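Turn these sequences into a full structure, and let the hints guide you.
There are 4 protein chains.
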Amino acid sequence: MSVPEYKQLRRSYGFDEVAIVPGDVTINPDQTNIELKVDSFTCSIPIIASAMDAVTDVNFAILMSKMGGVAVLNLEGVQTRYDDPGEVLADIARASNAEATPLLQKVYSQPIKESLIAERIQAIKKAGATCAVSVAPANAKRFAPIVAEAGADIFVVQSTVTSARHISKSYRGLSFSELRQLVGIPIIVGNCVSYTACLELARTGVSGVLVGVGPGAACTSREVLGIGVPQITATMDCAAARDQYLAESGRYVPVITDGGFRKGGDLCKAFAAGADAVMLGSIFAQAKEAPGLGYHWGMANPHPVLPRGTRIKVGTAGTLEQILYGPTSVTDGSQNLVGALRTAMGICGAFNVAEMHKAEMVFAPAITTEGKSWQLMRA
Amino acid sequence: MSVPEYKQLRRSYGFDEVAIVPGDVTINPDQTNIELKVDSFTCSIPIIASAMDAVTDVNFAILMSKMGGVAVLNLEGVQTRYDDPGEVLADIARASNAEATPLLQKVYSQPIKESLIAERIQAIKKAGATCAVSVAPANAKRFAPIVAEAGADIFVVQSTVTSARHISKSYRGLSFSELRQLVGIPIIVGNCVSYTACLELARTGVSGVLVGVGPGAACTSREVLGIGVPQITATMDCAAARDQYLAESGRYVPVITDGGFRKGGDLCKAFAAGADAVMLGSIFAQAKEAPGLGYHWGMANPHPVLPRGTRIKVGTAGTLEQILYGPTSVTDGSQNLVGALRTAMGICGAFNVAEMHKAEMVFAPAITTEGKSWQLMRA
Amino acid sequence: MSVPEYKQLRRSYGFDEVAIVPGDVTINPDQTNIELKVDSFTCSIPIIASAMDAVTDVNFAILMSKMGGVAVLNLEGVQTRYDDPGEVLADIARASNAEATPLLQKVYSQPIKESLIAERIQAIKKAGATCAVSVAPANAKRFAPIVAEAGADIFVVQSTVTSARHISKSYRGLSFSELRQLVGIPIIVGNCVSYTACLELARTGVSGVLVGVGPGAACTSREVLGIGVPQITATMDCAAARDQYLAESGRYVPVITDGGFRKGGDLCKAFAAGADAVMLGSIFAQAKEAPGLGYHWGMANPHPVLPRGTRIKVGTAGTLEQILYGPTSVTDGSQNLVGALRTAMGICGAFNVAEMHKAEMVFAPAITTEGKSWQLMRA
Amino acid sequence: MSVPEYKQLRRSYGFDEVAIVPGDVTINPDQTNIELKVDSFTCSIPIIASAMDAVTDVNFAILMSKMGGVAVLNLEGVQTRYDDPGEVLADIARASNAEATPLLQKVYSQPIKESLIAERIQAIKKAGATCAVSVAPANAKRFAPIVAEAGADIFVVQSTVTSARHISKSYRGLSFSELRQLVGIPIIVGNCVSYTACLELARTGVSGVLVGVGPGAACTSREVLGIGVPQITATMDCAAARDQYLAESGRYVPVITDGGFRKGGDLCKAFAAGADAVMLGSIFAQAKEAPGLGYHWGMANPHPVLPRGTRIKVGTAGTLEQILYGPTSVTDGSQNLVGALRTAMGICGAFNVAEMHKAEMVFAPAITTEGKSWQLMRA
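Protein chains in written order, with this note's numbering: chain Y, 1 to 379; chain R, 1 to 379; chain U, 1 to 379; chain E, 1 to 379.
Among the hints, erroneous ones may be present.
Simulated DEER-style distance windows between Cβ atoms [stated by the list, open to error]: (1) Y:A118 <-> E:P102: 44 to 52 Å; (2) U:R142 <-> E:N97: 42 to 50 Å; (3) U:G294 <-> E:K358: 43 to 51 Å; (4) U:V305 <-> E:S115: 42 to 50 Å.
Sample of chain R residues at the chain Y side, in silico, Cβ under 8 Å [as the list claims (entries may be wrong)]: (5) T26; (6) M236; (7) Q244; (8) Q322; (9) F363.
Honestly, the hints are just simulated from the structure, not real lab data.
Note that this is a predicted model, so its numbers are computed, not measured.
For glycine and all other residues, C-beta sits at the position ideal for the given N, C-alpha and C.
Quick look at the structure:
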């Protein structure tokens, strides 16, 4: 007797399960163009630093902007809760593993000071840098005027999962089209992982979409909630939504893959899967200039009742410049990310990111072990 | 030359291989309703504590009932073999790993005292709590009158594998429809893992079906017998049987996924796979109030000739209240299970369990490693 | 551009990747019949001990026969090269890991004494036991008359891979039909792993076929040669050949799955995959009565130029009786194999092995980890 | 709503995921012919030593030639940058793990001395040995006349990924047909991994194609760039291209699988996947006669800005003769590679490499664990 199918489970793919196939034509890496455009905004490299307290503070945002990228300041973290966030960050770094989550719960229970929002934005702008800031959907309408007035360049509205249609008793569902009008600057919204969710977000008029639920190194949403889609499939599905929306509207809404990256190869795969940009947390938390002092934690970690995340020790690997551009003697792909992307694009014959989207990929779980078990065999 | 197919092997899925896809609509967790109905019986959360000696005793059953759930007392364990089961449980906790199985074999070779059956049930009822009890099929008819008279609310008939058609030389095959008449209270029967077995059980008139063969942490049936189906597929197939039976009879027989859970995410996935409730062993054995004193063992372990199970150390993680409702500083999903379920339902836009059954899932083996290898990389 | 398919790779399955689905009808284990028939020969349990020097000597063969099974004596091992094989076996057990393979190469370079062949066979027969012996194809014709005259019951012709059509410069291809006539006792031949190879062997008139290339714990053929098929697929394909041959000839040639077993569950799965019997090496090498003294090695290990195998320490786990019938306090499925098989058959509603062939199986890689990661989580 | 497919991901396979199925006919290993022909060049075994500094120097090339194979001397490594490369190699072997990559970056920043190119080639030729040399595409035209005049037998043009159509600002795309005319000796080009890339290379008139991007033990291109195809699929696809080109041109361009081999079984699988020859690095770096002194590193490792590779300790396992021909007491398949290949071909009934291409293979991920977990179980 055949069993009726209760539910279809589509195969989905993560970074480690795929590999990029070289192109039939190859080009020199220096001939590639990797510019990112989000609405009216442009930057020279398609790499964004996460809105996480261990990654982005005012100084890091300024530095990242100088290097051609952009870093997002979280307006609901320590930067807007404390006049001197550096002290708090040092406390977190000093806490033992057992103390970390209770301490984070306490640290993030302090109220946000609205005055600090404008102060932080202006500090970044005063240095001539691009200023991107993020808030959760529930605070978006309240903080929008402050953000706009302070002169931010990009407004990110971000939570673990954000949909175009949220139903709540406590606040009226956020309309992204209203919000876009209100702030007058590009709005990036997320995170989502599916074709329909991404398509619906694009249709609200947002400028960019963040892709990824729970893949990050400092996030445990997948263990706690069982929710998520591996990043290669999430990126491909949302890229399909972007293309569908482009076809129906003529407007291009970039897809930004957020989270789960550990090395240059992951980043190259995201672009081959359809990403227009990538957002990195843990990798940047390793920079000498990162505010986390060698530690990293997720923004869902401090939840008072259902914490989802973990403070991890990432260490300090090099300067931001080395991480982005090298030179380096590190051979595991965690440094010179821009060089890795340009080299991979050269090997795929891709002059720009749009052409990199056409690179062939294979499902290749063997790729992570082939040849690499040598050390194990001889150990 | 092509090879004739001797046997078709359908792909089956376990908790770690799937992930839930967020909905296109999201709702606030506090708007979800997670009530469970089994026949005339209702409880406010769809979480049941296993009929295992390390999990449920009289006190635990009373506490679980107060928290909105239900715990099942095993009528063939230490509670009905010993006047003072606490002493025996302490012995088991003190045994070395090598001594554990021989000791359990000895402990469970003592006869069941029928007088203790009524005594335990009445102790639970006297406290105003829901009383659920379990027996193996071979003892079901004998104990049924005692159970009914003592005032139990739910009668569970459970063995490793229970079918509607058992052939035995030593006792006449048990008729669940007769049994249902005999006791006059809801009957939950199991365990089964397949569409046809579940459908046949439903057709006998039982009130609910337990799903899962051998997935539990304290069970080794899969190693010893090679028998079992991973819990996501087992749940989906039995949910299909439930829906088929509903269509043909108009009666709804809830499917209760039993065993193999380690964290909130697993529990959320079971509901997305079609479960109406879950039965937890190891997780509750970790409660401060659990009778196992930080240890847990399967009820097939003490088999005198072919033991299948192992005593495992689960430790003590928190109070039952914390495990069910938080608050917690544990971020691995093993506490605040109700919060996790409501949050996941919110992310899927599910107002109730029936709507959660419609959540999309993907086959996502990468989900367990993506981003999580960071610690390993840096270790 | 689509890629032409150079070669099709069929999915194949090993023990750990599949699981047996319980039947819709269940029966009591004591109602099962597990008799094995090979031609005119019958034994009460379908379990055969390997023709390996660490497993079968004269005493073990006698004991195994008393317990209802049969053990195969290797006529090209230490038993026929040494008057006192016990001494040599003790030397092997005393060797360090580094010394083991060179020592085995030396031990097996001694010539076979034909006089010892008859002596060993007669010692087994004198005890009233079933006597099965094995030789490699190259020696089969030479030893056949000695074996027949000495009164052996079963003649096994075995090498890593045996085909019905072997081309050699050094000896004329062995004709199994001639050989069958020559010895006048049942001939079991192997090993093979494919449908066509098994079908061709059956058509030569052999009495039984051994299935399995390289799966054994003490064999490294797969590493050295890249050759093999996982045991579930090998068994299913050869079972299909057996059924095809039965349909065309009316003669039933049992399929004996040989190697790769670690626990009762594997054994049960082999029968569900179509096996009529199983041949065990490592598990029996653990018996108190095994000649290997807690060690085990493959018969391809001592090859002077291309050794394929490794001496492994298996330890001593219990008596042969415990391994076959229990009782036991071991819960990992390595003891009471007969009890495990009967219990699994009961759960599948199979009264005999032929009915067990019809049991449903699923492809279930999750089965080996579900619930079992608990210990790891808490470690 | 169904999701539009953004990109198709074909399943690809690595060595560990496949296994060779024995043939229906078997032959004796001594009846196999494993000769390799590349254009006018012939050698008696189809095994080539990599153009890596830890593997091939003048002495190793001479020895390899005497044993019937061929070793490729890298003309852009230490042999042509240093008058006394032995000193430099000893420095590399003495460096700590942390010092290795910076030291390699320094060592390889020294200029190539063109005079040493002719000197090394002539030293090999003077010994009566086959001389094969390699250069990167960028240097191919410049070094070609020197190589041809010095009397080399085979000219290898090799980089991580080489395509027939490379676009560069700094040098005019290399035309392999021109190059072939210029040198007048067989040209082997690579590496590539796809059907179309291989077909295009064959069509330029090259004599052989190297297959494999990033599989080697000393290479981290896959981590750094995300690029590569597992070796079994890469070999099958390029073998399909070879056959297509043969059909359209009548010319046979051998496919040489390069990298990722750890044992004889991998090598046998490459031939069953369609390879005409294999190129080995790490395995030969273990030879007593290898210049790497027990270490091995990739040629992309010393890249000054984006190093991709790692120096690994391979140790010293035996003489080159033992590695190729045995005899050995090593049972893991890392020695007597020729014996392993001939034995596997015998089991597949393949008289020559072309017949070995027809051997059946299965997708068998279980093959690497079946039976092998015994040691783990008992450890």
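Here is what the structure says about each hint:
In this structure, A118 (chain Y) and P102 (chain E) meet the distance hint of 44 to 52 Å, their C-beta atoms being roughly 46 Å apart. Checked against the given bound of 42 to 50 Å, the beta carbons of R142 (chain U) and N97 (chain E), roughly 58 Å apart, lie outside it. A hinted range of 43 to 51 Å for the beta carbons of G294 (chain U) and K358 (chain E) is consistent with their spacing of about 44 Å. Hint check: V305 (chain U) to S115 (chain E), Cβ distance near 45 Å, so the stated range 42 to 50 Å holds.
The criterion of a C-beta within 8 Å of any C-beta in chain Y is met by T26 (chain R), whose closest approach is roughly 4 Å, and the hint holds. The restraint placing M236 (chain R) at the interface with chain Y holds, with a minimum CB-CB distance near 4 Å, inside the 8 Å limit. Using the Cβ-Cβ criterion of 8 Å, the hint placing Q244 (chain R) at the interface with chain Y is satisfied: the shortest such distance is roughly 7 Å. At about 10 Å, the closest approach between the beta carbon of Q322 (chain R) and any beta carbon in chain Y exceeds 8 Å, and the interface hint on this residue is violated.
The interface hint given for F363 (chain R) holds, since its Cβ lies 4 Å from the closest Cβ of chain Y, which is under the 8 Å cut-off.
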